[in-house]
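Undergrad: Using the hints, put the two chains back together into the complex; each one sits in its own frame.
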Amino acid sequence: MAFLESLASARAASKALASGPGWLKAMREKAWEQAILSGLPTTRHESFRYTSLRPLAALANAPGTLAYLPAQAPWELLSEEAANKLRDLLDPAGLNLVFVDGVFVHELSGAGPDVQVVPGARDMNQCVHVEGLREALQNHSAEAVKSLLETIAKARQGLPVPVAHVAKQERTLELFEDAFLNEGVLIHFSDDFVAPAPIRLIHAHSQAHSPASAQQPRPTAGFTRHLIHVGQNTTARISECYLDAIHPQAITEAETKANARNVFFAGTTIVMEKNSILRHDRILSSASDLHFGNTNVVVAAGARYLSLALNLSANLGRHNITAMIEGEGAEVVLDGLTTAQGEQLLDTQSIVDHRVPHTTSRQLYKSILKDKSRSVFSGKIFVRKGAQKTAAFQQTKTLLLSNDAEVDAKPQLEIEADDVRCSHGATVTQLNHDEMFYLRSRGIPESTAEAMLCQAFAGEILRTAADPWLEALARKELTRFFQ
Amino acid sequence: MLVIKGLKAKVADTDKEILRGLDLTVKSGEVHAIMGPNGSGKSTLSKILAGHPDYEVTGGSVEIDVNFRSKNLFDMAPEERARNGVFLAYQYPVEIPGVSNSEFLRASFNEICKHQGADEMDPLEFDDFLKAKLKFLSMSESFISRAVNVDFSGGEKKRNEILQMAILSPRLAILDETDSGLDVDSLRIVSEGVNKLRTKDNALVLITHYQRILNHIVPDHVHVLYKGRIIKSGDKTLAMQIEKHGYDALIKESKESKESRESKESKEFMAPGEHGN
Ligand SMILES: Nc1ncnc2c1ncn2[C@@H]1O[C@H](COP(=O)(O)OP(=O)(O)OP(=O)(O)O)[C@@H](O)[C@H]1O
Ligand SMILES: [Mg+2]
Numbered sequence: 001m002a003f004l005e006s007l008a009s010a011r012a013a014s015k016a017l018a019s020g021p022g023w024l025k026a027m028r029e030k031a032w033e034q035a036i037l038s039g040l041p042t043t044r045h046e047s048f049r050y051t052s053l054r055p056l057a058a059l060a061n062a063p064g065t066l067a068y069l070p071a072q073a074p075w076e077l078l079s080e081e082a083a084n085k086l087r088d089l090l091d092p093a094g095l096n097l098v099f100v101d102g103v104f105v106h107e108l109s110g111a112g113p114d115v116q117v118v119p120g121a122r123d124m125n126q127c128v129h130v131e132g133l134r135e136a137l138q139n140h141s142a143e144a145v146k147s148l149l150e151t152i153a154k155a156r157q158g159l160p161v162p163v164a165h166v167a168k169q170e171r172t173l174e175l176f177e178d179a180f181l182n183e184g185v186l187i188h189f190s191d192d193f194v195a196p197a198p199i200r201l202i203h204a205h206s207q208a209h210s211p212a213s214a215q216q217p218r219p220t221a222g223f224t225r226h227l228i229h230v231g232q233n234t235t236a237r238i239s240e241c242y243l244d245a246i247h248p249q250a251i252t253e254a255e256t257k258a259n260a261r262n263v264f265f266a267g268t269t270i271v272m273e274k275n276s277i278l279r280h281d282r283i284l285s286s287a288s289d290l291h292f293g294n295t296n297v298v299v300a301a302g303a304r305y306l307s308l309a310l311n312l313s314a315n316l317g318r319h320n321i322t323a324m325i326e327g328e329g330a331e332v333v334l335d336g337l338t339t340a341q342g343e344q345l346l347d348t349q350s351i352v353d354h355r356v357p358h359t360t361s362r363q364l365y366k367s368i369l370k371d372k373s374r375s376v377f378s379g380k381i382f383v384r385k386g387a388q389k390t391a392a393f394q395q396t397k398t399l400l401l402s403n404d405a406e407v408d409a410k411p412q413l414e415i416e417a418d419d420v421r422c423s424h425g426a427t428v429t430q431l432n433h434d435e436m437f438y439l440r441s442r443g444i445p446e447s448t449a450e451a452m453l454c455q456a457f458a459g460e461i462l463r464t465a466a467d468p469w470l471e472a473l474a475r476k477e478l479t480r481f482f483q
Numbered sequence: 001m002l003v004i005k006g007l008k009a010k011v012a013d014t015d016k017e018i019l020r021g022l023d024l025t026v027k028s029g030e031v032h033a034i035m036g037p038n039g040s041g042k043s044t045l046s047k048i049l050a051g052h053p054d055y056e057v058t059g060g061s062v063e064i065d066v067n068f069r070s071k072n073l074f075d076m077a078p079e080e081r082a083r084n085g086v087f088l089a090y091q092y093p094v095e096i097p098g099v100s101n102s103e104f105l106r107a108s109f110n111e112i113c114k115h116q117g118a119d120e121m122d123p124l125e126f127d128d129f130l131k132a133k134l135k136f137l138s139m140s141e142s143f144i145s146r147a148v149n150v151d152f153s154g155g156e157k158k159r160n161e162i163l164q165m166a167i168l169s170p171r172l173a174i175l176d177e178t179d180s181g182l183d184v185d186s187l188r189i190v191s192e193g194v195n196k197l198r199t200k201d202n203a204l205v206l207i208t209h210y211q212r213i214l215n216h217i218v219p220d221h222v223h224v225l226y227k228g229r230i231i232k233s234g235d236k237t238l239a240m241q242i243e244k245h246g247y248d249a250l251i252k253e254s255k256e257s258k259e260s261r262e263s264k265e266s267k268e269f270m271a272p273g274e275h276g277n
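These protein sequence lines map, in sequence, to chains Y and G.
Our numbering puts the first residue of the first sequence at 1, with every later residue one more than the last.
Our numbering puts the first residue of the second sequence at 1, with every later residue one more than the last.
So that you can see chain G by itself, here it is in the shape it has in the complex (with noise of 0.2 angstroms):
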């Protein structure tokens, strides 16, 4: 559904590199888990796959499935990818003052109607499907009338996205650290939302810190994103591993490999004799 190659990426009108040489394949009805220290390009990751203006890439490829056909997916706009099922539940939702949450969330949810080709809902007929949305995940219904994520605390804020995939019903959803800031009861609230929403047919990508939400939403492989590469991937256990010892130790394992890798690759590219010169 989704496969990565060697993607490079920097913040766009400078030399910030983020991504450095990715590489990722996520298969339809899979949950990958991406962890990695602060900083690591995580949520980089995911905005540059949603096409935010911000960054530009500089290197690489992302393909995604699109009616059983793989598409460049940096050919499309960000409301194209949108409308094609990638939907990223981000970190730091924004907040938009004047734009009430029911407008917004039906002008969305239209739009990937109308992509699809059904029909529009109106308003009213909108408000019920909103209103059986916004239960099967315990929000209240105060929220819809609310200004766009305006004054809702963090928690709110992360709820309000996952109402937003259950609305949208992607195929290839990105949470990045939706978990953060969830109390106990939420999280469990949410996971399992996220839960329902799962299908053999779409797939999920959660990017997270902690071992919490993956005893909720279990993982079928975990990667750890480290100066913007994958340097390790595993399955649920490496999530286990990393909760227990930290990353130190996966770090200083891939520079060894690294290391030895390049004075490998450099020895075999140099010419015999030129040893100690």
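With the rest of the complex left out, here is chain Y (with noise of 0.2 angstroms):
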């Protein structure tokens, strides 16, 4: 069976896909049907050229149907391990939100001790409104909800016509965050206010890593959709975590080439006001998933976007970057590393639109290579009409390991705007031989000297992380990495 086929029977089958307002139904299924018109991309389009959805029809087609997560309440079925795990995994300085197959688990979520109380600065409880989407959507702050995805979508039609152009296929994957609306979390940062700890999302799955059960779990499909908004002249950082991630050891060969059983789409959407500045962290550590990342945030005039997104694993990984700059002095950057092994396929997008005057982004995308990897990188950079002195640079890097790696990275500059400074450029390097003989000669094996230089390459992205606790988790999954 095809992938959305299978997709049709589970969405059919949930009963809270059918509940919530008219709106959110109709716009749920709007988004379904216009995905199901379109259909899935192939390697024949553009953006989709080196990333191949086949391992989605494996999915479709593997035994047991396709199940639309949560079937039941997932926490339940994470094992008591797995929980404790989690529980370890979870530093007490933040604000841990905690979601199981993408719902919102109340019971391992919580606060660090020093979220409560901070000494000199306003209370987190009474800056920022956290509440799980689902519940959300049943009471007064639904009508939070719709606006915020009203701004997003109004934000996402003024994206100019390269991209409202792409074969409508292109732009199915992304339209399940509309479709599968539901779970995930709702984040309000309320004006004029420096929060004083990062909040965390963090994601993991009910069946990630069961090898000792003899029989094969099903297929399943899970959604989740974060809606972040940041007030103005506020500091905030948000953690985004999807992981499965739970175990110590080095990822086997046979987990990176085994096939995927499950699919997960993230989407993510903030709406950045005025002055305000928001510190990004997200990563993407999910060895045998399928994971579809779909960001996208409008920064409001003044206001400082600046992301750190870490693909470290998926059996398939794509994160979808897009921001949307709509008032002067507004800044973006956007960071990213990526590591990928055996046979796994790590993709970025990244679309930035400077839409007025006087506005900056950087991006750095550096990928670490193994085995037969590979890495997509493509860099939409928009600067339109009237955008004057607009800065925009881009930089790619990547570093082999292997001979059978390969990276794709493909700039893409519009410029309407004549007094600009824009500028991109793609390095690949391997490791350099003579820093290898320089550490070898000081007593350092090999394989510890080529971690050394590949995490000396990595630092320069990781030490951007806004959240020390999840630099520290991607610096632990890098030493497995290495390993």
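These aren't lab readings, by the way, just hints derived from the structure by calculation.
Just so you know, not all the hints are guaranteed correct.
[Unchecked claim] Pairs of lysine-lysine residues, derived as DSBU-like cross-links and limited to a Cα-Cα distance of at most 30 angstroms, are as follows: (1) LYS131/G with LYS476/Y; (2) LYS370/Y with LYS114/G; (3) LYS476/Y with LYS114/G; (4) LYS258/G with LYS5/G; (5) LYS196/G with LYS135/G; (6) LYS410/Y with LYS154/Y.
[Claimed, not checked] A few chain G residues that don't get close to chain Y, going by computed Cβ distances all over 10 angstroms: (7) GLU103; (8) ASP151; (9) ASN215.
Every residue, glycine too, gets a C-beta built ideally from N, C-alpha and C.
TA: Structural data, given as structure tokens:
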């Protein structure tokens, strides 16, 4: 069976998707119909040229019908061991929101002690409104949800023709964030406030890594949508984590070869008001899964959006990040690190749209590739007519650790203003053999030397993490990568 | 401790010959100085001893004592050579952006400890150990948090090499022009440091262009390397002679002796009656 068909039956079986206010049901329906009409892209479509969706078809054809998550309260499915590991993972410094199979789990979520009382600052509880999306949709918060969705939809409609003109199939997967909108979280930071701690959105799978169980679990499709609103003059941090993750060993070769059992669609919608600052860290480390992330940000005047996207592991992972700069003096920084091994493919599609004068964007994406892995980067920068004094820079740097690994980096600049500073560049390197020799000639074994140089390469990106907890987690994951 | 016999080597994947039959024997407790004009193969020799992949050995042998047994150096990977006490202070130390000096030094030190069956040091312990060594070489503590050699001045890089030597206490240290680029005071401090590290069980090979460092670290033997061969060996007075008169006379003398040797050899090999044909 084709993926869309099996998803259709999974969707039809879901009660959750049939409930909610009328506008919501209409929105879901419209997005789904559009998706069905368009169909999935193939490698003939430009933005999927290197990214085959065959693993999605394989998922639909796997034994057992595709389950729409959550099938039942998923945290009950989480083994005690997995739940404990999740608890261990959580740092007290911060507000941790835990999602299992995309569903917000109150039982595992909570704030560290520092979040409640911050001397001299306004209390986190007073200034941040956090609510599970499902609940929000059933009470007066639904209006806030609606207005955020409208804002982002309108901003997306304003994207320039080259994007609007991509084949309709290329947008199909992005439609799922509306078609399956139900689980996730609504976060509202009020005005004039400096959040003392990051808010973490930590995703785990209930069936991740249960090799002991003899019976194959059903293939699953999960969806989440996070809506984040940052008020004027407010500074905040968000850490988004997609982990399967709770296993400390190195990823096995079998894992990187096995067919994926889960697909997860993660939509993140961010609306930033004037002069706000959001530092947004995102980590994907979910070896055996298919993951499609879709981040959209609207940035108002004077606001700064600083993103760090760590695509550390996935059977197939694709992250779309679209920053729409709508006010003068705004700044967007997109940093990224991809590590891939085995036959993994990790794909980043960034769009930065400079719509008004005097705005800045800077992107630095690095990849480290082992084995037969592949990384894809497509970076579009638009500078609109009249958006004078725009400064936009984009860099990709790839470190190839194997002759069979491959990178496809494609910058695309469309500049309609004349007084701008824009540049892009791409480099592909291998380990520097003089550096390797220097380390080895001091007694350091080849594998350690290699790991040290890779960590150094990655360090430039990791250092920009806004959340030390996430940085530490990423470093741990990287250690596994180099094992 | 080190016996080099007839060593020949070229740049890997090319026909460029650099060492053309080099002999050198270094015993425990000794200090050897190797001098020679630019491009004669001094650094190449040192890098070959350390195991640099840029060069290919095409002839001869190098034996080194490991645990009182003589071993073929070329059987050991670069890291094994280091763990068995071979140390090269580079003429041009490599910059490694993103790797902190302290992380690098600790990794290196711990590998050596592991090899010797000693306990590894945790970061705090190592910090104290490192600080003592820095003091020993009058180096500022700011060195250790910076990336390996990145943006170090020429002299600072050389000191960083000697810092590594002090940390690893090698049995055979080859210092490739460590004196070049050091100011007068630094040279004294570094030389004193090196002297303090000397024991009857280790040995030192100093590659240098100048007599200056040999006033501080007095060599037992001085060799002149020219076009990939040792053309003359002597005691410390040889270095003084070179400082005064340069290499020209030595090179000429060696050519003459080589020619006379070769002509003698060819005469010996020629059958009687072939003369003049
Ligand atoms: N990797 C290499 N590729 C090509 N040529 C090389 C390489 N390494 C050394 N050479 C050449 O071999 C010769 C010897 O070089 P080497 O660095 O050993 O000289 P040296 O005696 O140390 O000189 P100096 O006193 O200037 O340091 C030089 O002609 C140099 O250009
Ligand atoms: Mg040299």
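Undergrad: Please go over all the hints and tell whether each is borne out by the structure.
TA: Cross-check of the supplied hints:
no. : hint                   : verdict
1   : LYS131/G with LYS476/Y : holds, 29 angstroms
2   : LYS370/Y with LYS114/G : holds, 28 angstroms
3   : LYS476/Y with LYS114/G : holds, 23 angstroms
4   : LYS258/G with LYS5/G   : holds, 19 angstroms
5   : LYS196/G with LYS135/G : holds, 13 angstroms
6   : LYS410/Y with LYS154/Y : holds, 27 angstroms
7   : GLU103                 : violated, 8 angstroms
8   : ASP151                 : holds, 15 angstroms
9   : ASN215                 : holds, 29 angstroms
Going down the numbered hints, you'll see the structure goes against just number 7.
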